[in-house]
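Colleague: Residue-level listing of the chains:
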Amino acid sequence: MIRDEPQAATLLAEARSVLSDTILPILDPSLNYEMHMALKAISLAEQQLNADAKLELMLLEKLDQILSGNDSGFDQAEVLAERIRRGALDASVEIFDFLDQLVNFKFLETTPTGE
Amino acid sequence: MSRIDDNRFSLQNWLAVATGADRVEIINAKPLTGGAIQENWRLECDITGGPNAGSHGYVLRSDAESIVASSLTREQEFRVLKAVHKNGVTVPEPLWLCKDTKIIGSAFYIMQLVTGIGLGPKIVKDLSLGGDRQALGEALGKELATIHAIRPPQAELEFLPLPTGNPAEEVIKQLRKQLDELGEARPILEWGLRWAELNLPTNPKITLVHNDFRTGNYLLNQNGLTGILDWEFAEWGDPMSDIGWFCAKCWRFSRPDLEAGGITDRETFYKGYEAASGQTINKEAVSFWEVMAHIRWAVIALQQTHRYMSGAQKSLELALIGRILPSLEQQVLKMTKPDNWRAA
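Sequence order for the protein chains is A and B. By the numbering used here, the letter at position 25 of the first sequence is numbered 223, and the numbering carries on one by one without gaps. By the numbering used here, the letter at position 9 of the second sequence is numbered 13, and the numbering carries on one by one without gaps.
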């Protein structure tokens with residue numbers, strides 16, 4: 199283990215709990231909206247830190263495979279977007295499944311847990 | 005000090021001329037929330053002399069100091085508001101237009117003050133607002149039909165360009181252009197746009213469309229609808245696009261089960277629309293425009309994220325907006341599965 203404990207996600211969870219359990223109940227109600235926004239931001243950052251790095255890597259590998267080892271020098275997402283736009287991948291089940299996995303991965307990261 | 009405070013004297017003088025009064029005093033000027041592109045001010049005025057003598061509440065609407073492109077000018081918006089008000093749409097009555105930018109620093113217009121709650125998440129949750137929800141759903145359908153009853157040509161709306169082809173094709177082109185300008189590849193949005201290109205609605209009618217008709221852009225009091233707001237994106241287009249935008253899942257807030265704007269079921273809203281318009285809703289076209297609604301909202305969210313990332317505007321709200329993209333993209337994919345594509 200290179201980093202010392204507690205790690206970033208744990209620190210954020212702790213800070214979020216202090217804000218929501220201790221500060222929010224006594225906060226001037228006119229600042230509730232701002233506090234909820236801040237709690238949401240912390241929660242999203244936690245989700246991102248806890249995201250499965252292996253899954254991210256797997257998605258990148260799959261994209262490389264779909265693009266048959268694209269070596270055009272362009273960003274992989276850019277190449278995929280361009281091929282979709284020009285109609286080279288219309289109604290492709292393989293592409294749809296990949297996009298579905300991609301969006302589900304991102305969706306998990308953006309669903310706050312405990313605000 | 006706001007620019008209304010800074011220019012109170014010249015605004016009072018202008019109001020006196022506009023209202024035909026001897027004198028106008030602004031007793032209170034308060035900014036209203038909900039305008040990122042436009043500024044709205046609630047003005048409480050005491051008018052002495054002339055046909056409008058007495059105490060009045062007005063709303064002043066002007067460009068915000070940082071103008072975001074792609075919306076009507078205040079003069080054009082005023083003229084749209086006049087046209088829809090004349091046709092019986094429930095809107096705040098537009099009263100006077102000021103094109104002189106020297107009065108408060110930009111063009112503005114004055115409309116009658118209409119009170120009510122407009123915040124979308126609150127409206128769908130708080131059932132004490134809007135009266136009976138079935139009746140409200142039907143009323144909203146009727147309002148939209150009244151907007152769509154305005155067909156081109158209209159002399160007072162000559163500044164609105166007529167679509168040269170299928171409006172959906174034009175929207176696809178604009179969204180692709182906006183994505184290119186952002187310089188960020190979004191394969192899922194491209195997937196949705198390509199699907200749209202192959203699934204265009206056929207033979208759309210052309211009517212006036214509000215183009216942002218959704219929960220959050222109208223006001224409710226305890227009894228019902230008090231005013232439809234935010235006409236800055238109005239244009240000639242396919243009327244089914246307004247129905248798709250209103251029913252899109254992203255505008256139902258915490259009530260995704262109530263498919264008509266989080267207010268009521270789709271059938272009730274359609275019933276109000278069809279009864280008032282005498283037209284049958286093209287459900288396939290509505291479904292197409294719901295896909296487009298999610299793509300359009302995603303592109304707007306991306307533009308706002310870029311605005312934050314560029315440092316042009318610092319705001320936590322703006323920083324968080326990009327996080328809604330996965331839910332919008334998920335919805336695009338749900339509606340454009342491979343077995344739902346027409347052959348190229």
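What the hints contain is simulated information worked out from the structure, not anything from laboratory work. These numbers come from a predicted model, not from an experiment. Mixed in with the good hints, there may be bad ones.
[Claimed, not checked] In silico DSSO-like cross-links for lysine-lysine, where the CA-CA straight-line distance does not exceed 30 angstroms:
#: 1; chain 1: B; residue 1: Lys341; chain 2: A; residue 2: Lys260
#: 2; chain 1: B; residue 1: Lys338; chain 2: A; residue 2: Lys260
#: 3; chain 1: B; residue 1: Lys318; chain 2: A; residue 2: Lys238
#: 4; chain 1: A; residue 1: Lys252; chain 2: B; residue 2: Lys181
#: 5; chain 1: B; residue 1: Lys338; chain 2: B; residue 2: Lys181
Colleague: Now tell me, hint by hint, if it's right for this structure.
Modeller: Comparing the hints with the structure gives:
1. B:Lys341 to A:Lys260: Distance ~20 angstroms between B:Lys341 and A:Lys260 Cα, so the pair holds.
2. B:Lys338 to A:Lys260: holds (21 angstroms)
3. B:Lys318 to A:Lys238: holds (17 angstroms)
4. A:Lys252 to B:Lys181: Given pair A:Lys252, B:Lys181 is violated - Cα atoms ~35 angstroms apart, limit 30 angstroms.
5. B:Lys338 to B:Lys181: holds (24 angstroms)
Hint violations for this structure: number 4 only, all remaining hints satisfied.
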